[in-house]
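Let's have the full structure, built from the sequences with the hints guiding it.
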Amino acid sequence: QKEVEQDPGPLSVPEGAIVSLNCTYSNSAFQYFMWYRQYSRKGPELLMYTYSSGNKEDGRFTAQVDKSSKYISLFIRDSQPSDSATYLCAMSWGAGGTSYGKLTFGQGTILTVHP
Amino acid sequence: NAGVTQTPKFQVLKTGQSMTLQCAQDMNHNSMYWYRQDPGMGLRLIYYSASEGTTDKGEVPNGYNVSRLNKREFSLRLESAAPSQTSVYFCASNGGTQETQYFGPGTRLLVL
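Which chain is which? The protein sequence lines are A and B, in order. Throughout the first sequence, residue numbering follows the working numbering, covering 13 to 127 in sequence. Throughout the second sequence, residue numbering follows the working numbering, covering 73 to 184 in sequence.
Hints were generated in silico from the structure; no laboratory data involved. Since the structure is predicted, the reported quantities are computational estimates derived from the model, not experimental observations. Mixed in with the good hints, there may be bad ones.
Distance condition first, Cα-Cα at most 30 Å in a straight line; then the derived DSS-like pairs of lysine-lysine [stated by the list, open to error]:
hint, chain 1, residue 1, chain 2, residue 2
1, A, K54, B, K81
2, B, K86, B, K129
3, A, K54, B, K86
4, B, K129, A, K79
5, A, K114, A, K82
6, A, K68, A, K114
7, A, K79, B, K86
8, A, K114, B, K129
9, A, K14, A, K54
10, A, K14, A, K114
11, B, K143, A, K114
Sample of chain A residues at the chain B side, in silico, Cβ under 8 Å [as the list claims (entries may be wrong)]:
hint, residue
12, P56
13, F117
14, Q119
No residue lacks a Cβ here, since even glycine has one placed at the ideal position from N, Cα and C.
Here is the structure:
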C-alpha cells in the first residue's frame, strides 16, 4: 500500500463547476500538506500549503486537512478551462530542516475543465 | 531570477550510454532534489542533497549517481542507461523553513 493515495482520474467537468480533489495517507507523522499544479510538459508549481489540520483559502482554491481521518482535499470553485492540469498532493513529516524537505507525492489527478 | 533550470530539455540515449542531467538554482537554497515522473506513479525521489557537500538516497536510487557541485548546482548521472530509465526527470530545491519545493521544467529522457 502506498503512503499517499490519490485517484488519478481523469476528471472532466464543465466550466463553472466546483471541483473536489482528494488524497488519503497512512503515515500519521505527516504535518505539512501541499497541492501542486502541473500543466502539460511543465514542472509542478506550488498551489497551496497547509500546516497540520484546518482550512486554507486562496481565491477560488480551498485546501482542507483532516488529520484524524488522514484525508486532505482541494476544492476549486468556479472552475475555468485554465485550471485544466494535473493536481498532485504532497506531504512531509519534518519541521524545518529535519526532514530535509523530503516530500511524498500522490499519483496526481488529471483534471479537464471544458467550456 | 530564473528559479530552477535544467539541461537538456530532451535527450535520446541508446542502452548502455551514459549522460549527466544538469540542474541549477539561483534562490540560494540549501536543499536540492532529483525526481523521476512516470505515468500513474507520481513523483518519486531519486536522490537529494540536504546541503552543499552532502547527498543521500531517495526511494529509487539504483542506476543513478549524483554530485552536489556547489550550493547552486546538483547533477544526476546515468552511468549505463537502461530502457527502464525512460522518464521525465525533475530537479527541485528548498531553502526555507517551510516544507515546500520549487521545481525545474524537467528533462524528458528516452532510452532505446
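Hint by hint, here is what the structure shows:
For the proposed pair A:K54 and B:K81, the alpha carbon gap of about 11 Å is at most 30 Å, so the pair holds. With a CA separation close to 25 Å, the supplied pair B:K86 and B:K129 stays within the 30 Å bound. This hinted pair checks out: A:K54 and B:K86 have alpha carbons roughly 25 Å apart, not beyond 30 Å. Among the hinted pairs, B:K129 with A:K79 is consistent with the structure: their alpha-carbon atoms are about 28 Å apart, no more than 30 Å.
The hinted pair formed by A:K114 and A:K82 meets the criterion: a straight-line CA distance of about 19 Å does not exceed 30 Å. Under the criterion of a C-alpha separation no larger than 30 Å, the hint pairing A:K68 with A:K114 is consistent with the structure, at around 22 Å. Between the alpha carbons of A:K79 and B:K86 the distance comes to roughly 46 Å, so the proposed pair goes past 30 Å and is violated. The suggested pairing of A:K114 with B:K129 holds, with an alpha-carbon distance near 11 Å, which does not exceed 30 Å.
Distance restraint check for A:K14 and A:K54: the Cα-Cα separation of roughly 25 Å lies within the 30 Å cut-off, and the hinted pair is therefore satisfied. Taking the CA atoms of A:K14 and A:K114, the gap is near 16 Å; set against the 30 Å cutoff, the hint holds. Of the supplied pair hints, the one linking B:K143 and A:K114 holds, its CA atoms being roughly 18 Å apart against a limit of 30 Å. Of the supplied interface hints, the one on A:P56 holds, with its beta-carbon coming within about 5 Å of a beta-carbon of chain B, less than 8 Å.
Interface hint at A:F117: satisfied, since its Cβ lies 4 Å from the closest Cβ of chain B, which is below the 8 Å cut-off. Below 8 Å, beta-carbon pairs count as interface contacts, and A:Q119 has one with chain B at about 4 Å; its hint therefore holds.
Checked against the numbered hints above, the structure breaks only hint 7 and satisfies the rest.
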